[in-house]
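So you can see what is in the structure, the chains are spelled out below.
Number of protein chains: 2
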Amino acid sequence: MSKSISGDAPASASLQLNELKKYFAANSQRFISELSEFLAIPSVSTDPTLKSECGRCAAWLLSQLQGLGFAGELRFAETGYPIVLAHNSVGLLNTGPISSGARRVSIYGHYDVQPCDPLELWNAPPFSPVLKDGRLYARGAQDNKGQLWYVIKALEFLQTSGALANMNIALCVEGQEENGSAVLAQNLAALKTELKADTLMVCDTGTLSKNVATITMGLRGIAHFTVTVRGPNKDLHSGVHGGVARNPAQELVRLLAALHDESGRVAVAGFYNGVTEPTADETSLAVAGAPTEGEYQQLVGACASGGERDYALAVRGGLRPTLEFNGVHSGYGGTGSKTIIPALAFAKISMRLVAGQDGAQVLKMVCDHLIERAIGVTLEITEKLVGGPAIIVSPQSESVRRIVPALTEMMGCAPIFRWEGASIPIVSELTKVSGAEPLMVGFGLEEDNIHAPNESFAIEQFERGFIYVVQALLALTKVVQRD
Amino acid sequence: MSKSISGDAPASASLQLNELKKYFAANSQRFISELSEFLAIPSVSTDPTLKSECGRCAAWLLSQLQGLGFAGELRFAETGYPIVLAHNSVGLLNTGPISSGARRVSIYGHYDVQPCDPLELWNAPPFSPVLKDGRLYARGAQDNKGQLWYVIKALEFLQTSGALANMNIALCVEGQEENGSAVLAQNLAALKTELKADTLMVCDTGTLSKNVATITMGLRGIAHFTVTVRGPNKDLHSGVHGGVARNPAQELVRLLAALHDESGRVAVAGFYNGVTEPTADETSLAVAGAPTEGEYQQLVGACASGGERDYALAVRGGLRPTLEFNGVHSGYGGTGSKTIIPALAFAKISMRLVAGQDGAQVLKMVCDHLIERAIGVTLEITEKLVGGPAIIVSPQSESVRRIVPALTEMMGCAPIFRWEGASIPIVSELTKVSGAEPLMVGFGLEEDNIHAPNESFAIEQFERGFIYVVQALLALTKVVQRD
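As given, the protein sequences belong to chains A and B, one line each in that order.
Under my numbering, the first residue of the first sequence is numbered 1, with each subsequent residue one higher.
Under my numbering, the first residue of the second sequence is numbered 1, with each subsequent residue one higher.
Because the hints were derived from the structure by calculation, they are not lab data.
Owing to the predicted nature of the structure, the values given are computational and were not obtained by experimental measurement.
Backbone N, C-alpha and C fix where the C-beta goes; we use that ideal spot for every residue, glycine too.
Be a bit skeptical, because a hint or two may be false.
[Claimed, not checked] Part of the chain B face toward chain A, derived, beta carbon under 7 Å: (1) Arg230; (2) Ser238; (3) Gln298; (4) Ala302; (5) Ser305; (6) Ser330; (7) Ser337; (8) Lys348; (9) Ile450.
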């Protein structure tokens, strides 16, 4: 079997696809059961009370990789959010230079998951996985435990078939992707040797539909903060004090509303510093793969009139920076009325940043903008966080070029190219330190409800991911004799 | 004793004050213990799950009044929010015309209380009264159970002293004041005979400081609604959809911010229809009794720059209508960040209305204004409620004139006159149906935290209220021989 999956002979490609499907069919029940074990660990990195669960999750993952014959270890375990490092060579992690004859792939993923709030909207407890109608439901079912699991099961296949013996594969799985990747970001220099690679493979993105593969060509960076407006030192009676006391909810709303102008553009001076207009090529490639506004509304159930109205949907959503309100809270929220002037109001705000923007500087400009404009209240900025910068994949990428044929064969049509709005903050830093080309292909779908209640992942998408990773690793590590 | 408290001889006033103080000192422990029983009943009228507690509270109150020899009954008990009607004559409630020789006083109060949210800010459970440093802490300790209880204890004194025998006093205590007074409002016509009086006494207002008595000359009306902005049918990933999907939090904030202009004026066309400018007399009387902006900030801990900046503090807070945000909620509110575009956002909004405004019409104009301006989202208006209209007491009021000497003697200085911002929605309707002059004097202080956590009432203010009610009822019912 090892010959047919080495990928040397294009003629054997269909045979290999059938073998992969057979292997998947024979083992899928076990895959789901293992993944369910992974999903049952509530590794929410933003919740300090669940820190020990993150450590438990990392240990579980390491033991799985060791079971496949990988050498591995937990690094920075004292932080509570260990990084799982593993390599397919027995013994020390790769420390030598990469020879032209041994192309190396580093795989990045994360074992932490988003919070589950609002819990009451889940049909089943988020950490008790349920298989229903071909989908596995749980927090992390797709993002990123589900997508990471098909990667690991592809490695299992390559191990079983013997192909892994000729490969040079490293894994780096962190536990803080949903909370700023602090431990990994602060220790990148120390991991330079372990991460060094030709390709940085990331399976943490989505695809437009199940009938097409999507190569993500760009990811936006992220910055986040919480702004709290404090007025009276307690809730006041809105009758007695209405029209006299400055209302923090009114003041917050006034400040927030002024952060965007009529066209949806962010109205903070300097916000767009360093941002270059998308090229005609980028725009046309992005638009080609994107839904129309009508299709978007159908798909997502939301009106597509957010963001900067002067740009096309795909450009607004991937190639332009944004500022979004993730949460706004003040005063009474229960049934009926409670006639108060709230003592405080707060908003949780995140920004998606593109190439050319300095996250720390943008964050400062937005916060200063708010502070300067506040009237009659005290403003507090907390929970400031700047993620990695934006990332753009070159159209000349060798890694992209190598996987296109496999994706085309597998899906029966050419892949589409997408500039995605989401950020995987650390990827930009990882590409720099690893010297690798980023390669972002994932099989998530809109209907997976990532970051929302009732997250799930379709088993057929899991299978596609499994097949993709096997074929991509064969293509990426193949030695090409140059003339 | 009955002679000295009949109030006929001004010379005996100080004697009477001493007697009242002695009676209070001898009985205050019992008063507090009875009030604590009253406060232990969680009669929150806005919470449907506490409906039966409202019924229990009404029954308890009736039994207390019957214990004082009052004839009484629970009316409209089938609604779950009975109205307690009582009269000091044994037998039927007064049904005959009021003779010039028997001036009648109807007393209005309410036994329901505000919700307790946010519960975590209370130092002790809100329905387990605690006496500490001369203050009784509990939800309702002041508003209105505490103030109602000194009224009832004043009636007890008048009963004990024999003075009540010459009086004609009715009580009407409802259980929905904090939730729109629906049962009472809908049945006013049926209660016309029972409520008919010369004076409608209300002890549900506050005073500027403990060293002065305050006569409330005006109350604003109220209207309330909840507006919900619905966008995507679930929370979306703000990276994937940021810049494309219309964000309901952003849209709500935009709509709310546009409800006031730069000067703090409500920017809804027609909102001020029918509102007349305060007269010079009203303005100067109001300003005379009001704190400066600096004093206000000191007293309340809030900046006094809310409302319409073109008017003086006392005018803004009592004689002009307002529109306040009582609550705004959308998306994530927990620790750290959650990068979502929320599926919905809502705000709870109340308006204080002045004479000349039509509550239902104002409510419609504001809601229509929002609906017309919403872009790319669905707007829902719920929990619409229009309270009673505003009320203004005439400076020629006989009732006010009668009590000024007693208040002056009791406090050692003349009372101040205040146009209060709060509404007791039903009072306007009650004055109409009863044909009575409203008389609003109360002893609440800002530090009582009504409508907020850790509500309390000072025992010394309770005593002042007790003394006031005894003296006021003597003055109000005194037969004056006209020449």
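Hint check:
no.	hint	in the structure
1	Arg230	violated (10 Å)
2	Ser238	holds (5 Å)
3	Gln298	violated (12 Å)
4	Ala302	holds (3 Å)
5	Ser305	holds (4 Å)
6	Ser330	holds (5 Å)
7	Ser337	holds (4 Å)
8	Lys348	holds (6 Å)
9	Ile450	holds (6 Å)
The structure fails hints 1 and 3 (numbered hints given earlier, in ascending order).
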